[in-house]
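> Letter by letter, the chains look like this.
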Amino acid sequence: MSTNTEQKPTTFIGGAANYLDERLSLGGVLKNFGRKVFPDHWSFMLGEVAMYSFVVLLISGTFLTFFYQPSMASVHYEGSYAPLKGAEMSIAYASSLDISFDIRGGLLMRQVHHWAALLFVAAAGLHMLRVFFTGAFRKPRELNWLVGFFLFLAAMGGGFTGYSLPDDLLSGNGLRIIDGMLKAIPFIGPSISSGLFGGEFPGDEIVARLYSLHIMIIPALIIVLLAVHLMMVIIHKHTHYSGPGKTDENVVGFPLMPVYVAKAGGFFFLVFGVLMAIAATFTINPIWNYGPYDPSPVSAGTQPDWYIGWLDGALRLAPSRMDVELLGVVLPFGVLLPLVISLAFLAVVAAYPFIEKWVTGDDREHHVLDRPRNAPTRTGIGAAGVVFYAVLWAGASTDLIATNFQMNLNQVLTSMQILLIIGPVIAFWVTKRACIALQRKDREIALHGRETGRVVRLPHGEYIEVHEQVDKYELWKLVDFKDYQPTLARPNAQGKITLGSKIRAALSSFYFEDRIAPVSKAEYELAHADHSPAPSVEKPKRKPRELVGKK
Amino acid sequence: MSEVEKVYPAGLATNIQKPIADPGIEPHRVRLTDKSEKAAKGAEQQIAVMFGISIIGAIIAIWGFVAFPIADLADTRNNTLWMGIGMGLSLLGIGFGAVHWAKTLMPDHEVSEARHQARSNDESRAKAIEIIKTADAESGFTRRKLIRRSLYGALAFFPIPALVIFGDLGPQVGDTLKHTIWKKGVRLVRDSAEGGTAIKASEVTIGSVFHVVPENLKDIEDHGEKLNQKAKAAVLLVRVEPSDLKEDPAKASWSYDGIVAYSKICTHVGCPVALYEQQTHHLLCPCHQSTFDLADHCRVIFGPASRPLPQLAIEVDAEGYLVAQGDFTEPVGPSFWDIRQS
Numbered sequence: 001m002s003t004n005t006e007q008k009p010t011t012f013i014g015g016a017a018n019y020l021d022e023r024l025s026l027g028g029v030l031k032n033f034g035r036k037v038f039p040d041h042w043s044f045m046l047g048e049v050a051m052y053s054f055v056v057l058l059i060s061g062t063f064l065t066f067f068y069q070p071s072m073a074s075v076h077y078e079g080s081y082a083p084l085k086g087a088e089m090s091i092a093y094a095s096s097l098d099i100s101f102d103i104r105g106g107l108l109m110r111q112v113h114h115w116a117a118l119l120f121v122a123a124a125g126l127h128m129l130r131v132f133f134t135g136a137f138r139k140p141r142e143l144n145w146l147v148g149f150f151l152f153l154a155a156m157g158g159g160f161t162g163y164s165l166p167d168d169l170l171s172g173n174g175l176r177i178i179d180g181m182l183k184a185i186p187f188i189g190p191s192i193s194s195g196l197f198g199g200e201f202p203g204d205e206i207v208a209r210l211y212s213l214h215i216m217i218i219p220a221l222i223i224v225l226l227a228v229h230l231m232m233v234i235i236h237k238h239t240h241y242s243g244p245g246k247t248d249e250n251v252v253g254f255p256l257m258p259v260y261v262a263k264a265g266g267f268f269f270l271v272f273g274v275l276m277a278i279a280a281t282f283t284i285n286p287i288w289n290y291g292p293y294d295p296s297p298v299s300a301g302t303q304p305d306w307y308i309g310w311l312d313g314a315l316r317l318a319p320s321r322m323d324v325e326l327l328g329v330v331l332p333f334g335v336l337l338p339l340v341i342s343l344a345f346l347a348v349v350a351a352y353p354f355i356e357k358w359v360t361g362d363d364r365e366h367h368v369l370d371r372p373r374n375a376p377t378r379t380g381i382g383a384a385g386v387v388f389y390a391v392l393w394a395g396a397s398t399d400l401i402a403t404n405f406q407m408n409l410n411q412v413l414t415s416m417q418i419l420l421i422i423g424p425v426i427a428f429w430v431t432k433r434a435c436i437a438l439q440r441k442d443r444e445i446a447l448h449g450r451e452t453g454r455v456v457r458l459p460h461g462e463y464i465e466v467h468e469q470v471d472k473y474e475l476w477k478l479v480d481f482k483d484y485q486p487t488l489a490r491p492n493a494q495g496k497i498t499l500g501s502k503i504r505a506a507l508s509s510f511y512f513e514d515r516i517a518p519v520s521k522a523e524y525e526l527a528h529a530d531h532s533p534a535p536s537v538e539k540p541k542r543k544p545r546e547l548v549g550k551k
Numbered sequence: 001m002s003e004v005e006k007v008y009p010a011g012l013a014t015n016i017q018k019p020i021a022d023p024g025i026e027p028h029r030v031r032l033t034d035k036s037e038k039a040a041k042g043a044e045q046q047i048a049v050m051f052g053i054s055i056i057g058a059i060i061a062i063w064g065f066v067a068f069p070i071a072d073l074a075d076t077r078n079n080t081l082w083m084g085i086g087m088g089l090s091l092l093g094i095g096f097g098a099v100h101w102a103k104t105l106m107p108d109h110e111v112s113e114a115r116h117q118a119r120s121n122d123e124s125r126a127k128a129i130e131i132i133k134t135a136d137a138e139s140g141f142t143r144r145k146l147i148r149r150s151l152y153g154a155l156a157f158f159p160i161p162a163l164v165i166f167g168d169l170g171p172q173v174g175d176t177l178k179h180t181i182w183k184k185g186v187r188l189v190r191d192s193a194e195g196g197t198a199i200k201a202s203e204v205t206i207g208s209v210f211h212v213v214p215e216n217l218k219d220i221e222d223h224g225e226k227l228n229q230k231a232k233a234a235v236l237l238v239r240v241e242p243s244d245l246k247e248d249p250a251k252a253s254w255s256y257d258g259i260v261a262y263s264k265i266c267t268h269v270g271c272p273v274a275l276y277e278q279q280t281h282h283l284l285c286p287c288h289q290s291t292f293d294l295a296d297h298c299r300v301i302f303g304p305a306s307r308p309l310p311q312l313a314i315e316v317d318a319e320g321y322l323v324a325q326g327d328f329t330e331p332v333g334p335s336f337w338d339i340r341q342s
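Heads up: the protein sequence lines correspond to chains A and B, in order.
Heads up: the first sequence at position 444 corresponds to 444 in my numbering, and the numbers run straight through without jumps.
Heads up: the second sequence at position 39 corresponds to 39 in my numbering, and the numbers run straight through without jumps.
You may find that some hints are simply not true.
To be verified - Okay, the calculated bits of chain B under chain A, using three or more residues with CB under 8 Å as the criterion: (1) 45-52; (2) 106-119; (3) 296-303.
By construction, these hints were calculated from the structure, which means they are not laboratory data.
Keep in mind that this is a model prediction, so the values were computed, not measured.
C-beta: ideal position from N, C-alpha, C; glycine also.
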């Protein structure tokens, strides 16, 4: 203990640091984390955008709680928005109007809160796509994928509960749709609805209940999940893209202090600043135009917030007259089917890392990200998922598409229904083929260099296009990826080929039958031996070696 | 073969020998600010200007708050705009300044740091297992079955009250979903905030649409209860040429001279079916586009709904006003599991 008397602080900051370290051993923390290396890539910012949007939500939301009143008791509006003067409405709606019109900066905070919510879910979704398409969910990060998945659900839940708080006409109709969906659940549906609304729809409880969820339960959940999410990032260290010097055993990038403190810290201000500028200049959710909630009127062309769109679209795309009566029990499949399909879609998203791991049997740790083209089947599956989601999402706007493009509503809807089924198949196929084509191009460049566009005539009269060899760094990027071969169904210890093993073999060949292997040393040397001194164009390509599999 | 691959069998992954050895991290590209002190000085000034803009932004925001106290809507617009612009500038100034600083003046040499496998090393794992075994032996968790099993039982039961306590979140559903406040002789009145007026059959011209509620709705004092009842009882009243109606003979007496009344609550998920197409006699729900044929007892002709909109039987009282013949004969709104059971 007597040894650390040597360092005597001489400055104020030094003194403060010394004070804290002697009580909290912060020196050790800083020693371990101060120069932690983070890789640099624009796509790594998507998760940051989501996190910073959440911080903006906390800040602006706290402001709103000081003025908002979550009560459905009825009042006559006496605020400064003239068109609604004297109208009967809930206190929740009246206080939302007061925030908008009678509190300086209130409308700004409402708008920044709403825009931040839209950006939060969008950035989280894009971050998930980045993680998916680069294979960042592979071992050891499968659990963090799950944490992120639940964060995404919590973000949607936070958005929906907040959307309903102003108790305006639009959000009230949104709640009514939720009520209708809940009632469709066999046996327990009506009771769940009664429990949620405290009796019949709309009742006078729902706003206060959503408020508890919105300002306490869901933010607490998000904060806990976010902490776990970030803790795992620290445990695993960030992934990096494949490139020279980047391996599964190291992490290449810039140190936390000072570079990332400045970049990431500054980026928080950028995200907040952009949101603030948008909130200052673009109106979002003008609740004063909708009026207080009333179960009878509704406006045409209504849209939910974007992240709920896919669920609303799923409801719209269901076929007509799907109620089925079974032993006196009515099963409204028109509502249940979209519900089940949406939940199944989410379940597949959550389970994907585990499915892929089972198929590949790959138990290694992966810290180098895949370029999407180098995992053609996964990228195809991702594209299929994106199209499936996108069609459901567009499905929530069938009426607007029909009116804006002067099309027949029925035909728009039928097209969407067809697209929902065949769209993902086409997207899978096109994406997979495109990935394989890009991989072929990569091979071509690795083996023969880039086309320069320079055509020269050789002394014996032959014309060739000069190819320029790529440098070693570029070459490494083209050849450094992992390769898999399809597995066969193998008998287990009892000598039996189990069904599981057969399914796995079938999936394995679905994944890896069509594949392009990375350029090997032998191929590279062969290509270069042939090409010296001048490249020849007549050389037949060794296609069969590249494409292992059927056809 | 790398260290990671050695420890874990690589599954089905293949290892192809790379054409060249990993060339290592790409050489650092020298920036202008690395080469020239003048450029570095310039960058320093640019960063200071950005931080300066941030200060100006904060001042604009404060001015926006002070300069536009709430008097009318223009003030709301102005203080939203100027406070937002000011705060935006103030934030963006710091953000751009910090990022510019990092990009121009802080070192941009990529460095490499070793990773470690997530798996603890064998020594730690052995130690951990030993701790668990010691704890088990000391507590007798495995050995003392009675304690262990009774603990499982207690742990299974103790959360149940925490669920039961939520039992009063909502009342029993009962038959609330199956009835509305429509009764025999209740007048159909216009749906308006001021308390609507009753409707005479003679006022309903062909092609016109009335948004209707029962007259007894206004007798309900409680605002919440009023909304609950309105959410079920809202009706759409339309008059069409009697010859256009394809009426079921059993329900022929439910309409009055081409005037028909249907529940406005969509049988899909409950939105108000508010759009009426005069030419085709179609009713369209704006939420999910379920379409009902008004002339044919509101049969579903398009969209995700399943049941026709329930019809309210109407007649005319002695004074010529439209009244209900009774409640709806079936539940209104979305389908639920026991909707057909009485």
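> Evaluate each hint against the coordinates.
Status of each hint after checking the structure:
Counting residues of the segment 45-52 of chain B whose C-beta lies closer than 8 Å to any C-beta of chain A gives 0; at least three are required, and the coverage claim is violated. As drawn, the segment 106-119 of chain B meets chain A at 11 residues by the rule of a beta-carbon pair under 8 Å; at three or more, the given contact holds. Interface restraint, the segment 296-303 of chain B with chain A: holds (4 residues with C-beta to C-beta distance below 8 Å; minimum three).
Violated hints amount to a single one, hint 1; each of the other numbered hints is respected by the structure.
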